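Trainee: Using the hints, position chain X against chain V.
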Amino acid sequence: MNLHSELRQFRRQQQTRRAFLGRTAQGVGGFALASLLNSPLFAAAQKSASPAKDKWLGVVNPLHYPAKAKRVIWLTMAGGPSHLETWDYKPQLAKMHGEPMPESFTKGKQIAQLQNAKLNCYGPQLGFKKFGKNGQEFCELFKQMGTVADEMCLIRSMTTEAINHDPAHMFMNTGSQIAGRPSAGAWVTYGLGTEAEDLPGFVVLTSLGKGGQNQPIAARQWSSGFLPSRFQGVQLRSKGDAVLYLGTPAGVTRDQQGDVVQAVNTLNKKYDAVVDDPEIATRIAQYEMAFQMQASVPELMDTANEPQTVLELYGCKPGDGSFAANCLLARRLAERGTRFIQLYHKDWDHHGGVKDGVTLKAAEIDRACMALITDLKQRGMLQDTIIVWAGEFGRTPMSQGGSGRDHHNAGFSIWLAGGGIKGGISYGATDELGYSAVENVVNVHDLHATILKLLGIDHSRLSVKFQGLDARLSGVEGAKPIQGILA
Amino acid sequence: MLGQGIANPHKLSESRAPCPVPLVNPAALARVERTEFMPSTHLFLGLAVIGTFATAATAAPASAKKVDYNRDIRPVLSDNCFYCHGPDEKKREAKLRLDVREDAIAAKAFIPGKPDQSELVKRIFTKDPDDLMPPPDSHKKLTAAQKDLFKRWIAEGAEYQTHWAYVAPKRPVVPAGQNGVDHLVQTRLKEVGLKPSPEADRRTLARRLHFDLLGLPPKPEEVDAFVNDKSLDAYAKLVERLLASPHYGERMAIGWLDVVRYADTIGYHSDTPRNVFPYRDYVIKSFNENKRFDQFTREQLAGDLLPNATLETRVGSAFNRLILSTEEGGAQAKDYEQRYLTDRVRAVGTVWLAQTTGCAQCHDHKFDPVTQRDFYSLGAFFADIKEPIVGKREEGMPVPSDKDTAEVARLEGEASRLQKDFDGPHPQLASAFEKWQDAAFAAAQHDAKWKPLKPAKVASAKNAKLAIQGDGSVLASGKATENDTYSVTVTNALSGVTGLRLEALPDASLPANGPGRAANGNFILSEVVATVQRVKGPATSLKFAAARATIEQASHAEKNPNKGWTAASAIDGDAKNGNAGWAILPEVGRAQNLVLELAEPLTLAAGESLVVDLKQFGTTKDHLLGKFRLGATTEVDAARTALPPAPPGDIAAILKVTNDKRNAAQKDKLFAHFKTLTPELAKLRQQLADAKKAKTDYEAKIPKCLVSNSSEARRTVRILPRGNWMDESGQVMQPALPAFLTVSLKKDPKAQAPLTRADLAEWIVAKENPLTARVFVNRLWKQFFGTGLSKVLDDMGAQGEPPVNPALLDWLATEFMDRGWDMKHMVRTIVMSATYRQTSTASKDLQTRDPYNRELARQSRWRIEAEMVRDNALTVAGLLNSKIGGPSVKPYQPDGYWENLNFPVRSYDASKGDDQFRRGLYTWWQRSFLHPSMLAFDAPSREECAAERTRSNIPQQALVLLNDPTYVESARAFAARIVKEGSGDATARITWAWKQALARAPRADELTTARALFDKHLAQYKADAKAAESLLKVGLAPLPPAADQAELAAWTSVARVILNLHETITRS
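Sequence order for the protein chains is V and X. The letter at position 6 of the first sequence is residue 6 when you use my numbering, and the numbering goes up by one with no holes. The letter at position 99 of the second sequence is residue 99 when you use my numbering, and the numbering goes up by one with no holes.
No lab work stands behind these hints: they were computed from the structure. Honestly, I wouldn't trust all of these hints.
Which chain X residues face chain V? A few, computed with CB under 8 Å, are given here [as the list claims (entries may be wrong)]: (1) 270; (2) 367; (3) 903; (4) 938; (5) 1006; (6) 1016; (7) 1063; (8) 1068.
Below, computed lysine-lysine pairings styled on DSS-like, alpha-carbon distance capped at 30 Å [unchecked claim]: (9) X:141 / V:68; (10) X:334 / V:109; (11) X:141 / V:70; (12) X:465 / V:210; (13) X:465 / X:576; (14) X:140 / V:70; (15) X:91 / V:109.
Predicted, not measured: the structure shown is a model, and the values here were computed from it. We put the beta carbon where it would ideally sit given N, CA and C, even for glycine.
Same shape as in the complex, but just chain V (with noise of 0.2 Å):
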């Protein structure tokens, strides 16, 4: 168990403190805080060996392999994107076009809304061309993410569970079917702690796309689960509040919230002088914290003040809440600590309109993609950002009404790219008509192992008791972080 890190942490913990209080007596954020150190408070932020802002440290602390990357940028492509019109190119479901499906490739697999329908082949709709040095190929629709094929890491051996959308996100985001299971962000701020000062540490970011095919997406996708509600993803909104609930009320200027929140903590500050409650000094420090979010939040939401270049780089305009807007927040996120980003881009349920659908995905995401790791490259935070390009299923390569195609679990492609990931490779492989995956069969608990040993953590190590076991994001057993794709 996590025990000794816990420990661990707690001393570092104690020295941190020291740090914090030498800090906030020169006064932090708006109003400041040097009357905190009066003696009952000083007692109490003593007592509860509380860091700045009550920061958590993590768990794996130290780690407990050297680490690759420091946070991870994960692309969920929600609705489940052809990997047969985007990274995986079937030559030979092609020229089956039409004909019925050899019942060798479907028999004993689960099949969703093409269930009792006839099986025929439906070849690849749109065209591949090689790009990059080693030639990786992929749709030619995404010129722009050719012009960084060297970075990328396709995957085209991916496998899950579920074969409908809910339960796929589950499964793709906490290893389980069954929802009240912490997600990859939650575990991963458990386990690492986060590096942002006035930022939650996994943050998740929603767009939609044009096509009109967007799925739900529940809130669990980013819960935290059985872990502390702290870990939990917290939604940055384009529209309304970032955070919900971070304005400050109408007619309320920020040095009255100001006021209030130094006269609430005062007050806490008092009354923990009579009953003597830890549970007080956290109170005191989340004040604080809510309070710098309102005025971080919007700061890092403003990208109105991003050079005219960078704009242009990702496509975007300030606060559009495009899929494109949100990889520049994911990049702003970054630079300021967050330790996972998540964004979600629907519209990839393609049952009907393959064609049409994917081109107008790649329209949506091809420069933004490549906007992100360029930006990220030439900041030189490449080389420790994890980036994730993956739905949470593919789609079959049987036609689904004569222009689409179904969910499909048995094979499907993702991409990574960036810190301790070999850019420029393919790995794994689907059969020839793009069905199963037969070669290097990725699942999903292996790419969880892979990203947490990326971030030096141990996938079997990173456990917490729940019901009776010890409850891992890689699943109860048999996880193996994908060695071939390590740089």
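Mentor: This is chain X only, laid out in the frame that chain V set:
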């Protein structure tokens, strides 16, 4: 070998620092790991001292007492060894099983009495990593103290014990007249050398009891009355008063609704609503009426199967329907059938047994004796429940209140009285009947001269969907909001046609039954233009000589140039005037005819076509034809008359029979048909229709609830190898009770019928079941002391925590059963105890020695539950609507929070009026997006059964209390109370406010802080009237008239501070 399944190529080379403190009691260790990794800062303090304290308080001194298997050995074995050497045969390594003594000895794991010759001792002490147990790559490590315990245990004979929770609770002796809680807590305190704390002051007790029993803060008057009540039984009287309050049931319901995962929506994917709120009200009512827990259990598992099933017990059976379900397209029934089964088995495990049954879905349980067989045979109990596996849930069973039942009976009576009147016999109608028969016969004759023209095609100029029906008619659907022209193309060969007829026909799909698409069933036909296309040459338009109709609307004709909606307007060549055309009010709801006489006979040869454009340009744009049919006649007289629509075929057939030859049935049928038409009965018909509608309308508003309904067609339940639902090779299972808990059932052994959910319920509440009572009282204990006696509320198995005070848990469990599962009795027993009444303020020494208050030498202090945070603010503000029950309500919620809900897209409409101020437990429970304020304060999403809520302390809580409109509005309403109900100067008002929120006067330094804030903000708001105004506009609550806005705004600041205080949201 432990952890062998976990491939780990990177063995940790770094040597791990040994734990710096002796962790003698493994259970204490488990506790820390389980939930005390919270941000709350005392964690670290707790860790630092627990080792030293554990020896003193939570475990017997290592040297003094015999090693106790259940307390000292099993938890360590379970956590470190059972994974590979436990109950799961498939996972068992080296064929060594350590959870069964005989097997362990047979496998030579140890020799009782001879630790030094025991393999187990060698393996745990060895320095050789190849032999060491637990193996290094499992990252499990025994402490020196644990190793020594093993040695001593083997030396003392290596006795095993049945797991504590599987042995029926034994009632400890409690001296007569003593509260069992106090006796057993004090006995334990003496053992560990602690002394109880003094009783809390009355103010604190009043607040504590109100929060614990009602979930609401006390009013200052109530506190004062209690403080000043000098009678000996003042406390007991208060307890009784609160137990009798209808809000007691609401408070108790919160925890129950968590554990049964009650929510308003289905959970998966679209997360759409379902009808279950009557179940929530059933739970509240059950607690209020002090329903016995055994009955409460029976009703929820099998309320539909009970011999004396009632509406209430059936609503209780909604429990079985509270699972997560899906409406996602492409979801496979087998997949979800299995999910529902496992959900239900997990629920029974969590709610009643505190067993992690879910672990046995794919394999035998790793730590507990629950087998995979047990899992699926438990699941088979629920295979009879009727439900759609995928797709929309049914509406559910109507759940009328007594008032509803009376009202439905009244409406029913009214309708049947009118029906009786209508049924007859009506001798006064004889002559009208005669006349009608003649007219109807004539109409039938006339109609026979017409032939329907089945269109070859039909088109809408706009987006109306026009469908050609089998009888040649055309039915419109889709949007009806635009003026339109329907073009009907006829290609039938015609010869000598003298007239065309347009029948406007009624249809059940149309508003008011049609024939038009307007809400009242009307339409406006502006112009009929008919064009003939010959094989060669240009199209020519057909000329009409005259138009006649069965009805021409006279009303609403003020702006109509013809002063009436005449048939002639439809052929006057003016299609543009929206105020001219043919319309039919009030004769809607039945067929009407427009007959167009042709100027010259029409003949249509093969290859030629007739196109009839029906132009509908009424000023009211939905006045379009809903259903119509074209016809043609070749007879001149037919083309010159518009007779009422012909009676239906069967009536026409009777009319053809002369009166004297009709039989009784034919006569009756004819008269019955006449009654549906005759104007003489129009009023009665309307009254009858209204009465029937009133009844169905009323019934539609009666709440409905998904409940359990048993089906003869049970689903087949198989053991699913590795939980794989596609594998159908497993054995088919019948309902059966878990083998490891031998509880005899009273069921007649000769009965052949399979066990039912009712049997399952009986097994759960059987006195021999060692778990049920313990599980319930343990959760109850948490409600009143902050932590269960056994801390892990949902797991009393090997991986849970042996109770700190086993005698106390057993006493409570036996008391519960002996008193007939009386829940209020248990609550009363606990809150009446001196243990409960202790102060929660602990000395430094006590904090150090028992940081988590497991020994109960004091009370505990904690932040109140999410619902209560809300209820408290609304109460203090004077806004709370204390109505009990009813549909869930929607407190304010940030716009766009539901943006990710889809299929269908939903907007959140906050409740209006008093519904906005309902208690937190009535909040609409959207599983995938729980209300963010509730979520911030740790309310669970209720996707899974939650026996326990975490208690976090996170910045989002500060943001909610500072900025959520609910709390801003509460603050300004509280401010209005301060101004109106408080009196004196600002200082006096602050004192008044403090007493409202905290039931105490402020201390001098608190007054200073609050006063300074008030003065500062008063000056600021005086200078900025606009700011004050906008602050006071937050929320729906009305502003008090003629209030000084600057003053009110400044008080709002003070009120915000008070509502944000840690003490305000703390029960101590």
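Trainee: Each hint needs a verdict: does it hold in this structure or not?
Mentor: Verification of the supplied hints:
no., hint, verdict
1, 270, "holds, 6 Å"
2, 367, "holds, 5 Å"
3, 903, "holds, 6 Å"
4, 938, "holds, 6 Å"
5, 1006, "holds, 6 Å"
6, 1016, "holds, 7 Å"
7, 1063, "holds, 5 Å"
8, 1068, "holds, 7 Å"
9, X:141 / V:68, "holds, 28 Å"
10, X:334 / V:109, "holds, 13 Å"
11, X:141 / V:70, "holds, 29 Å"
12, X:465 / V:210, "holds, 27 Å"
13, X:465 / X:576, "holds, 23 Å"
14, X:140 / V:70, "holds, 27 Å"
15, X:91 / V:109, "holds, 27 Å"
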